[in-house]
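K.L.:
So the protein lines, in turn, are chains Z and A.
So for the first sequence, the UniProt record's numbering puts the first residue at 1; every next one is plus one.
So for the second sequence, the UniProt record's numbering puts the first residue at 1; every next one is plus one.
If you are wondering where the hints come from, they were derived from the structure by calculation, not from laboratory data.
Since this is a predicted model, take the numbers as computed values, not measurements.
Hints are not guaranteed to be accurate.
[Unchecked claim] In silico lysine-lysine, DSS-like type, Cα no more than 30 angstroms apart, as pairs:
no., chain 1, residue 1, chain 2, residue 2
1, Z, Lys256, Z, Lys443
2, Z, Lys343, Z, Lys355
3, Z, Lys343, A, Lys316
4, Z, Lys61, Z, Lys424
5, Z, Lys61, Z, Lys35
6, Z, Lys244, Z, Lys355
7, A, Lys218, Z, Lys61
8, A, Lys316, Z, Lys174
9, Z, Lys333, A, Lys218
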Amino acid sequence: MVKQVHLAAHFPGVNNTTVWSDPAAGSHIEFDSFKRFAQTAERGFFDFLFLAEGLRLREQKGRIYDLDVVGRPDTFTVLAALAAVTEHLGLTGTINSTFNEPYEVARQFASLDHLSQGRAAWNVVTSWDRFTGENFRRGGYLAQEDRYERARTFLQTVNELWDSWSGVSVVADKESGRFLSEAGPGRFRHEDRFFDIEGQFNVPRSPQGRPVIFQAGDSEDGREFAAQGADAIFSRYATLTEGKAFYEDVKGRLAKYGRSRDDLLILPAASFVLGDTDAEAEELAHQVRRAQVSPQTARNFLEQLWNTDLADFDVDGPLPSFDPAVEGDLISKGRASVRQLAKDPVALANEWRAKAEAEKLSARDLVIEVTGRQTFIGAPATVADRIDEFVQQDVSDGFILVPHITPDGLAPFVDQVVPLLQEKGVYRTEYDGTTLRDNLGLKYP
Amino acid sequence: MTDELHLGVALDGAGWHPGAWRRPQARPHDLFSPRYWADLVLEAERGHLDLVTFEDALNLQSDQLGAQDDRNDRVQGRLDAVLIAARVAPLTTGIGLVPTVIATHTEPFHISKAIATLDFAARGRAGVRVQLGLWPHAFRHFGRREVPAFDLSRIGEPDQQRLLAEYFDEGADYVEVVRRLWDSWEDDAEIRDVATGRFVDRDKLHYIDFEGRWFSVKGPSITPRPPQGQPLVTALGHQEIPYQLIARATDLGFVTPNSAAEAAATSSRIAELAAGRAVSVWADLVVVLDDTEQAARDRLANLNELAGVEYTSDAKIFAGTPAQLADLLQEWDLTGYRLRPAELPHDLTQITRGLVPELQRRGVFRTEYPSNPTLRGLLGLERPANRYTSA
Ligand SMILES: Cc1cc2nc3c(=O)[nH]c(=O)nc-3n(C[C@H](O)[C@H](O)[C@H](O)COP(=O)(O)O)c2cc1C
Chain Z
1 MVKQVHLAAH
11 FPGVNNTTVW
21 SDPAAGSHIE
31 FDSFKRFAQT
41 AERGFFDFLF
51 LAEGLRLREQ
61 KGRIYDLDVV
71 GRPDTFTVLA
81 ALAAVTEHLG
91 LTGTINSTFN
101 EPYEVARQFA
111 SLDHLSQGRA
121 AWNVVTSWDR
131 FTGENFRRGG
141 YLAQEDRYER
151 ARTFLQTVNE
161 LWDSWSGVSV
171 VADKESGRFL
181 SEAGPGRFRH
191 EDRFFDIEGQ
201 FNVPRSPQGR
211 PVIFQAGDSE
221 DGREFAAQGA
231 DAIFSRYATL
241 TEGKAFYEDV
251 KGRLAKYGRS
261 RDDLLILPAA
271 SFVLGDTDAE
281 AEELAHQVRR
291 AQVSPQTARN
301 FLEQLWNTDL
311 ADFDVDGPLP
321 SFDPAVEGDL
331 ISKGRASVRQ
341 LAKDPVALAN
351 EWRAKAEAEK
361 LSARDLVIEV
371 TGRQTFIGAP
381 ATVADRIDEF
391 VQQDVSDGFI
401 LVPHITPDGL
411 APFVDQVVPL
421 LQEKGVYRTE
431 YDGTTLRDNL
441 GLKYP
Chain A
1 MTDELHLGVA
11 LDGAGWHPGA
21 WRRPQARPHD
31 LFSPRYWADL
41 VLEAERGHLD
51 LVTFEDALNL
61 QSDQLGAQDD
71 RNDRVQGRLD
81 AVLIAARVAP
91 LTTGIGLVPT
101 VIATHTEPFH
111 ISKAIATLDF
121 AARGRAGVRV
131 QLGLWPHAFR
141 HFGRREVPAF
151 DLSRIGEPDQ
161 QRLLAEYFDE
171 GADYVEVVRR
181 LWDSWEDDAE
191 IRDVATGRFV
201 DRDKLHYIDF
211 EGRWFSVKGP
221 SITPRPPQGQ
231 PLVTALGHQE
241 IPYQLIARAT
251 DLGFVTPNSA
261 AEAAATSSRI
271 AELAAGRAVS
281 VWADLVVVLD
291 DTEQAARDRL
301 ANLNELAGVE
311 YTSDAKIFAG
321 TPAQLADLLQ
331 EWDLTGYRLR
341 PAELPHDLTQ
351 ITRGLVPELQ
361 RRGVFRTEYP
371 SNPTLRGLLG
381 LERPANRYTS
391 A
């Protein structure tokens, strides 16, 4: 059988890609928005809804960053509420392993799995910075090189907790008075550098046994962590060459952990712009990009690379002629992408200047070019062809779609592209089973 | 109408009596299913109750207070209370939802945004019941700090009282952080100002800069101020130290008097400690309700038999008819009561279909919810002003 496409939907959280200025944009915080978004995804037979996480408001130049959509609900709480208004859709939450404790996270995901009857998934992230730590009891004590080690033992501990009720069932025999098949359930003991804990876990084994595990890190450590223990990866590589390289790299790491290529799904984030014709979609895409990168956003973005206050800089002219400041604190805090920019800022600035000169781009246009992440642009048929092609060519096993309008931006895709994928025979016309594992084709532990 | 009573129901497992799960109507197989909790909360909502609370703990249930036992004739295991409340929120429209959180082991930052989100999902009907988690075995589930030897058997002695006071001081700091985080966004912080490209007005977002003995928290929250501004904060207390927490930090305290006189004494003590802060005081009662007093007593006897011991509780156990219970509630003369059904769903339906109509006949309980109620609104409380908003 031809390879089947998996689709999921990311409710965009804090970001500059949501076009909040569009009259069609609704609330990104009221529960009704999440409900509408989730029900649209379910109407399109999507595997799951995805939520990102950021535990401190971003800052730039020592002040809260005010241009992007900001403010988001608590992940577990909103996913549990969504379980009430959906039936099949998986509920994937990004939860940090640094600012949480295994007993509590294991309990929350096991509870979510029970309350959604087998639809919970955890995207394990390892963000570590001291800046975020200022919101937590433990602070930001974790050194960068330790974060995946803590994540690894955190996940291992959580797995031990989930497994601690294996073989114990609720018999609830009213006659004999026996409640569980065995007394004293949930025993565990875990001791390592990060955790020294023991006792009894208090949530019975959940419908999926273990919720589905996602990973979204990109470093060598991150890829290894995924190959060892994740069920799916949320990646950033949705282009043909980059995607294929990432896919091969990660799937190639599975064998050494005794896993097969089907045990780990690769699902890049992808955006889309649809039009009646390809040309119309291109035109629309152009407008969306300009709306995403206001002059102020462009200036702030350049400040992040130049690491310099550019308050008086005109973004309709050329890029700054001076080089980025490489000394001193980063001007931007709480933003993962800045680490990418900060690797070799001078080289990157030179590269951008060359590009801007060659293509006669203003500073703002350049930012639009380099930050534009529109993956699929075209008429519905074009987009359906392209998605199918990418999946068949192992760029990915499917995509996590990020619409630029909240919450209704997903609807055109569901109404126009999904039917075409179904016609091609590469997309489901009904859900495969009742749990997220069933729908993703993953084994039960 | 004057002197309206407020009523809440405390939901826990198959009911508060350890023998409850073995009764014919009980649904012990469903305790971990969403349907079970939805059915109970919808029933409570049918009775137009003010709120339901959900119990929780970061350890397994045990008959032995403060230690784990390996009994296999009791309900074991429970789901996270905040998530249960969230799961039922979109299914309900009138009733307040008040999950328990364990302040000793969880992060105030996480809890603040969780309850704010519950308030969004329930459109203004969220509350929280703050509980301390002092059992040594629960500390071992976390292992992030040394276990101070809290000895329940010596609870009355000065050193143990000091220890208890410290934990409750930490609890008070916890509530303070949670409350500041709720206020850390002004209500109109989201501006979507296209001209300046600004989504929020950062002058309306506030660092809370909390520095305390146990933790410090910077803020602001990542979640905007919830619909109620401040969701309802509650706590249960049995003695002076928790009364101080109730008085200083909560909107509503649950207490466990045994008589009208004790009820009056406790509520005036809390009022005294509150020194002008408005705090409601409700009494907790375990209830076994049937059409006749004899039937209720017989059922309590049967529950005791099924449990293998005579049930005792921190709260008064009331076995009788709904009308007799209505008499007691009026006689005790408190603003409200949190009823703990001994057996679910039996004693819950006795409340919603027996007690509530009786109180309505007496003109002391609402016959319907106002439209789009908030929990604060049901209790006659104002939406609080934001402490960070400059006048
Ligand atoms: C597509 C994608 C999405 C991510 N989303 C989040 C997120 O929502 N929250 C977060 O804290 N980190 C997020 N991350 C970051 C990480 O998962 C990871 O912890 C971080 O990148 C550090 O790991 P690394 O060095 O392996 O990349 C994301 C990363 C990628 C590639």
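K.L.:
Does each hint fit the structure? Answer for all of them.
P.N.:
Against the structure, the hints:
no., hint, verdict
1, Z:Lys256 <-> Z:Lys443, "19 angstroms, holds"
2, Z:Lys343 <-> Z:Lys355, "19 angstroms, holds"
3, Z:Lys343 <-> A:Lys316, "66 angstroms, violated"
4, Z:Lys61 <-> Z:Lys424, "51 angstroms, violated"
5, Z:Lys61 <-> Z:Lys35, "36 angstroms, violated"
6, Z:Lys244 <-> Z:Lys355, "26 angstroms, holds"
7, A:Lys218 <-> Z:Lys61, "17 angstroms, holds"
8, A:Lys316 <-> Z:Lys174, "27 angstroms, holds"
9, Z:Lys333 <-> A:Lys218, "14 angstroms, holds"
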